[in-house]
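Sequence order for the protein chains is Z and R.
When the letters of the first sequence are read in order and numbered with my numbering, they come out as residues 1 to 405.
When the letters of the second sequence are read in order and numbered with my numbering, they come out as residues 1 to 198.
The set of hints was computed from the structure by calculation and includes no laboratory data.
Please note that the accuracy of each hint is not assured.
If you only want the chain R side, here are some residues facing chain Z, beta carbon under 7 Å, derived [claimed, not checked]:
| # | residue |
| --- | --- |
| 1 | Leu-80 |
| 2 | Ala-92 |
| 3 | Val-96 |
Calculated from the model, a selection of chain R residues having no Cβ within reach of chain Z, i.e. all distances over 10 Å [said to hold, decoys possible]:
| # | residue |
| --- | --- |
| 4 | Ser-27 |
| 5 | Leu-87 |
| 6 | Phe-91 |
| 7 | Gly-110 |
| 8 | Ser-112 |
| 9 | Leu-114 |
| 10 | Arg-124 |
| 11 | Thr-171 |
| 12 | His-182 |
| 13 | Val-191 |
Reference listing, derived: stretches of chain Z covered by chain R, where coverage requires no fewer than 3 residues with Cβ under 8 Å from a Cβ of chain R [as the list claims (entries may be wrong)]:
| # | region |
| --- | --- |
| 14 | 114-127 |
| 15 | 341-353 |
Owing to the predicted nature of the structure, the values given are computational and were not obtained by experimental measurement.
C-beta atoms are modelled at their ideal positions from N, C-alpha and C, and glycine is treated no differently.
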Amino acid sequence: MTVFSLLAALIRRTPLGWAFQAIGLSVAVAVLGSVLILQRAADTRMTRDLAGVDLVVGAKGSPLQLVTATLFQVDAPTGNIPLTTLDILARDPLVQTAVPVSLGDSVGGDRIVGTTPAYAELYGATLAEGRTWRAPMEAVLGAATARRLSLDIGDTFAGEHGLSGGEAHTDRPYRVVGILEPSGSVIDRLVLTDLASVWALHGDHAENAGGVNNHAHDHDHAGTGAERQITAVLVRYRSPLGAVVLPRRIAGLPDLQPASPPEEARRLSALVGAGSDALAGLGLSLLGLSAIGFLISLSAAVGARRRELALLRALGAPPSRMLTLSLLEGAVLGLAGGLLGALAARLIAVVVARAGPGGFALPLPAVGPVEIMLVSLALSLGVIGAIVPGVLAARTDVIRTLRTV
Amino acid sequence: MVVTVDDLCLFAGEAVLLLGPSGSGKSTLLMTLAGLIAPVAGSVTLESERFDTLSARERDRRRGLRMGLVFQDIHGMPGLSVIANVLLGAFAVGAVQNRSDAKILLDRVGLSALADRRFETLSRGEAQRVAIARALLLRPAVILADEPTASLDDANADRIADLFVETARETGAALIVATHDHRLKRHIERVIDLGAGS
């Protein structure tokens, strides 16, 4: 005979009511938990996609668009800038790394990025097999792209004109020479190639382009010779001084625009974060309601169990034991709801992350911290909700109960 | 209800019947003796020590350890096994739960075969016997029983009364039975008649 067997006996009296309480709590925990897990996943994904880039230099337009187009790869670029911009930035003593990005084509919905091998280094991506490109029309695929398009080393594919799929460049196919390891970042669903590949495919298309092209367009114009163009340059500063000097200097140049990825990411988070904050608020409200539900149902249970509680008191159980029994019941209820809710939260997060909102697979955080926090929260709510019923149980009127049965 | 008892003193193994109709105050007296109601005047002494002036916590503890209580209607806790119900009193006061003693007592009240059955499946008479076994488990100094034979037929009333008297005598406990059942006078000679009420 233990306090747990006694508790089990009390719960057996009203199993359905008890189960509904636990399920109600688990729903609240699941809503809050899934939002928290997905928020963390989105934050991780965003941080990885930013790749430690301090500054994006591109054509004038919306800085947010410049960042979303060149780092998150979800928007049309603001336009093109001269290739000479890359040389200027690369030689700047304030710049540690300057990586060109040239967008123009796609394959199966995944973007083809003309760049240098330094681009993969920004994301810490390594080759799973094959090698990096050495000549135009050689391509290295992100892990997700290779899997989705069923492409392997030596296979060829035709790039499609534009970023959302257009006429295929069947006359100039790419050849796969390397496949990257999965990195949990945007690079997983990109095709990387030489800048020259993009220029080769778009040489004719842009023969009239001169200087900077500012019109809204979802692909790069190549230019020719000294007029070669790229979409943007991704910059990492050599020192914090770069953040003070470079953006101002670039903003002063005609037709160039600096965009700070961390700042734009914050703006983006503020835009899309309102919805998840509302969901988290809903989860917290549900938790509060669950705690009130505990208080009401456990208080009602004290009334329903008055015979048993009076018997225990008459047999010598001190009031503190009655309070402990009630708090323990609240704790078990909280634990059950918390565990069930944490499990549901993880399942919801896995389903949502796999579905990949907007085509993005989210890197879920490891099982542990969020779940521990959720179960602890539910446990605390259970105990707090059981305090008043516990006091009522401790104050059971033995004489009145024994006389009225 | 005010009950006045001039003097009631019991020694180990003795038994007394508090006899009276409903409303005569016998249950009130029993609960006063159990420390659940404070006396308006006079005192309650248990094992040569003043009992009614102890702190509530200490009274609870002494009641649990030194008194065996059997109530008229509440005999045990549904959801628990029969043997767990016998051990319930020891659990309530945090005393050692001697399972073998509980089994012996269940054997004595004729319920050893039902030790693992759920309490709520027992008949009223069986439930009452569980309550008696529980009351005896910690070898109390006093057994207080409230209407233990109410609504029992003659044969069962005799059986229960014999059980009480014999086990109290064997364990050296004083037995106080509050009842309106005059049949019990055949088993317990000493009677305090509260028939007049007040």
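Of all the hints given earlier, name the ones this structure violates by number, lowest first. Of the numbered hints, 3, 4, 5, 6, 14, 15 do not hold.
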